[in-house]
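Trainee: Residue numbers (this note's numbering), protein chains in the order written: chain A, 684 to 1011; chain B, 684 to 1011.
Think of the hints as simulated: they come from the structure by calculation, not from any bench. Ideal placement from N, C-alpha and C gives every residue a C-beta, glycine not left out. Incorrect hints may appear among the rest.
What the hints assert, rightly or not - Here are the simulated DSS-like pairs of lysine-lysine, each with C-alpha atoms no more than 30 Å apart in a straight line: (1) A/K864 x B/K799; (2) A/K872 x B/K969; (3) A/K969 x B/K799; (4) B/K965 x A/K864; (5) B/K1000 x A/K1000.
What the hints assert, rightly or not - To be clear about the criterion: a stretch of chain A counts as covered by chain B if any three or more of its residues have a C-beta under 8 Å from a C-beta of chain B, and this derived list gives those stretches: (6) 819–831; (7) 855–861; (8) 967–973.
Number of protein chains: 2
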Amino acid sequence: MWRRLALSTGVDAGRRSPWPVGSGVLVRINLGLRVVRDSILPPLSSKVVKYMIDSGALFTPLRALSSSRDQYKPIFISCLYGDNGRRLYRVGSSDSVLHVRGGSRLFSRVSAYVSKDDLGDIVGFSGGVINTPYGVFDVVVESVEVIGDLASLYLDLSGGVLLRFVTPAVLSPKVMIPPVKSIMDRYSKIRVGTATLPIPGILFSYALRLWNRIAPESLRLTRPNDKDDIYSYRIAVMGTALTEIIGHRIRPVTVIIGRDSSGRIRKARGFTGYVEMNIHHKATRKAMERSLALANYLGIGRGRGIGLGEIGVLPRKRGEAGLEEASS
Amino acid sequence: MWRRLALSTGVDAGRRSPWPVGSGVLVRINLGLRVVRDSILPPLSSKVVKYMIDSGALFTPLRALSSSRDQYKPIFISCLYGDNGRRLYRVGSSDSVLHVRGGSRLFSRVSAYVSKDDLGDIVGFSGGVINTPYGVFDVVVESVEVIGDLASLYLDLSGGVLLRFVTPAVLSPKVMIPPVKSIMDRYSKIRVGTATLPIPGILFSYALRLWNRIAPESLRLTRPNDKDDIYSYRIAVMGTALTEIIGHRIRPVTVIIGRDSSGRIRKARGFTGYVEMNIHHKATRKAMERSLALANYLGIGRGRGIGLGEIGVLPRKRGEAGLEEASS
Chain A
684 MWRRLALSTG VDAGRRSPWP VGSGVLVRIN LGLRVVRDSI LPPLSSKVVK
734 YMIDSGALFT PLRALSSSRD QYKPIFISCL YGDNGRRLYR VGSSDSVLHV
784 RGGSRLFSRV SAYVSKDDLG DIVGFSGGVI NTPYGVFDVV VESVEVIGDL
834 ASLYLDLSGG VLLRFVTPAV LSPKVMIPPV KSIMDRYSKI RVGTATLPIP
884 GILFSYALRL WNRIAPESLR LTRPNDKDDI YSYRIAVMGT ALTEIIGHRI
934 RPVTVIIGRD SSGRIRKARG FTGYVEMNIH HKATRKAMER SLALANYLGI
984 GRGRGIGLGE IGVLPRKRGE AGLEEASS
Chain B
684 MWRRLALSTG VDAGRRSPWP VGSGVLVRIN LGLRVVRDSI LPPLSSKVVK
734 YMIDSGALFT PLRALSSSRD QYKPIFISCL YGDNGRRLYR VGSSDSVLHV
784 RGGSRLFSRV SAYVSKDDLG DIVGFSGGVI NTPYGVFDVV VESVEVIGDL
834 ASLYLDLSGG VLLRFVTPAV LSPKVMIPPV KSIMDRYSKI RVGTATLPIP
884 GILFSYALRL WNRIAPESLR LTRPNDKDDI YSYRIAVMGT ALTEIIGHRI
934 RPVTVIIGRD SSGRIRKARG FTGYVEMNIH HKATRKAMER SLALANYLGI
984 GRGRGIGLGE IGVLPRKRGE AGLEEASS
């Protein structure tokens, strides 16, 4: 059944990619930023570091990656956060701006899949004062974690998994549209909005697609002769049909992205919280033991390049009590 | 694509059904129960009225229906509730029993799809004192709503829908397994547990299957030449892929069902709360404008015969603000 379907989107092998498919390394850069003067951060505070990268002031090897409009680009730029770890972003219902005092210290994480040749440039950044439209920041690299190539990424999810959505995850349910040309043609353009619930197959499909966009041929998650989208559809359906959702605490949230070119406020609807689940479909679980290990660094869903969809992936031990049960 | 798949389960046309497929009427009976003496209700208080029906003391025409083990039988017996409307059932974390004082008044609703010939027997019940293992109750029929045949059931969902889960909805995600024989054979037996989130396609698939089990040929929701399960699969997938989840407040909950024959406590995991959504797939929306109108009376998911899965279905007006936005 799966093999007969037509492929309608996917990687164009002939196109030049702004990232090294299959031959790079995954790194996570932990930044410290001292706020030089009292400042008002943008509603999505990740834009401070994104600006530094896009303008060429910080990590020039990441510039093309950060500027790419590809939905599955392998870069994550976190929102800024203070000592308490709480990510700074504005939600729809709040009037208050993100005001930070001069002298205070903030942090950010940037994770990306980069060419080995660029590692030196990244590690070699010696820090400095950087001007942005949002204020002046004294930036240092606190540490660079070199996670390595994708072969090393693996989490044992045989006892289940706890996913924490640290910043709003913005997910389109349309990743579950069957990859049949007539259906894709008819529905892929219509506006559906987002699903403010962690539907297993939709999470899995996003994670799988991201993995497959950077994995070397030997680690690609497909079946022999299957195309990307068909496998991703299979994971979306079987991953929903055979995943137990043990517990959760999910809050829908509207996050302010910024203003568009005509000055209107842009918003996105997503959710934060956690979900605990058990993936009973073996092929899906095996795929997620790799893909979610990657999403642990690169996030999930839309807006990962501006700090949305930051997640924590925690394997559960077999038979472990749910969070809710354990706390009551 | 959908037509090529093999049907693996479905209605056995040759079997005698305990309900009148296609030719019945939908009724909702509102009961009043005066508690004669201080009593301890069963953990799932619906079992009081279910006992009355199953033992033949109340509404004999509903006896076969209530006793049927069919997952999609067209009967709903609500939990008992007092003046505040709160349904009485015990959740996993609570130690307290359901104690009710002698003289207090409780209510229950029983909805069923019955033969027109049986209406007289139901409406004719003049009330009386009924003994049960859970206490003695003075039962009166407060009112009988005759909703009519299925042709009259319709809700306009073009502006979206608000679903309230009044009692825990217990849903198996397995209703989304593709109706392909090899896949069904392999996965339909494995234990998956429940999905404690209102995944749109899973809700829709349950509602559609219930509709199709009692609808006359002319109102069956299938495509020409499609079998039941294939249409239900289509609704499950497209209904998830093209449904916007605007907002929600969902709480996972473990409900105590009772004790099994060896005295062990049986529990089920479900959820209560509400979800607001917009169904953008037209065929799914059209099917739900009928099926959810039925589920409004007969509930959704497992255990509808014992009061689980009681829902309220409320059409939204086009452009109406979400519950959350409206209240903040």
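Trainee: Confirm or reject each hint.
Mentor: Verification of the hints:
As the CA atoms of A/K864 and B/K799 are separated by approximately 48 Å, the hinted pair breaks the 30 Å bound. Straight-line distance between C-alpha atoms of A/K872 and B/K969 comes to about 21 Å, which keeps the hinted pair within the 30 Å bound. Between A/K969 and B/K799 the alpha-carbon distance is near 54 Å, which puts this suggested pair outside the 30 Å criterion. The suggested pairing of B/K965 with A/K864 holds, with an alpha-carbon distance near 19 Å, which does not exceed 30 Å.
The hinted pair formed by B/K1000 and A/K1000 fails the criterion: a straight-line CA distance of about 46 Å is larger than 30 Å. Using a Cβ-Cβ cut-off of 8 Å, 0 residues of the region 819–831 of chain A lie near chain B, which falls short of the minimum of three, so the contact claim is violated. Using a Cβ-Cβ cut-off of 8 Å, 6 residues of the region 855–861 of chain A lie near chain B, which meets the minimum of three, so the contact claim holds. Counting residues of the region 967–973 of chain A whose CB lies closer than 8 Å to any CB of chain B gives 0, so the stated coverage by that chain is violated, three being the minimum.
Figure legend: structure checked against the earlier numbered hints; hints not met, in rising order: 1, 3, 5, 6, 8.
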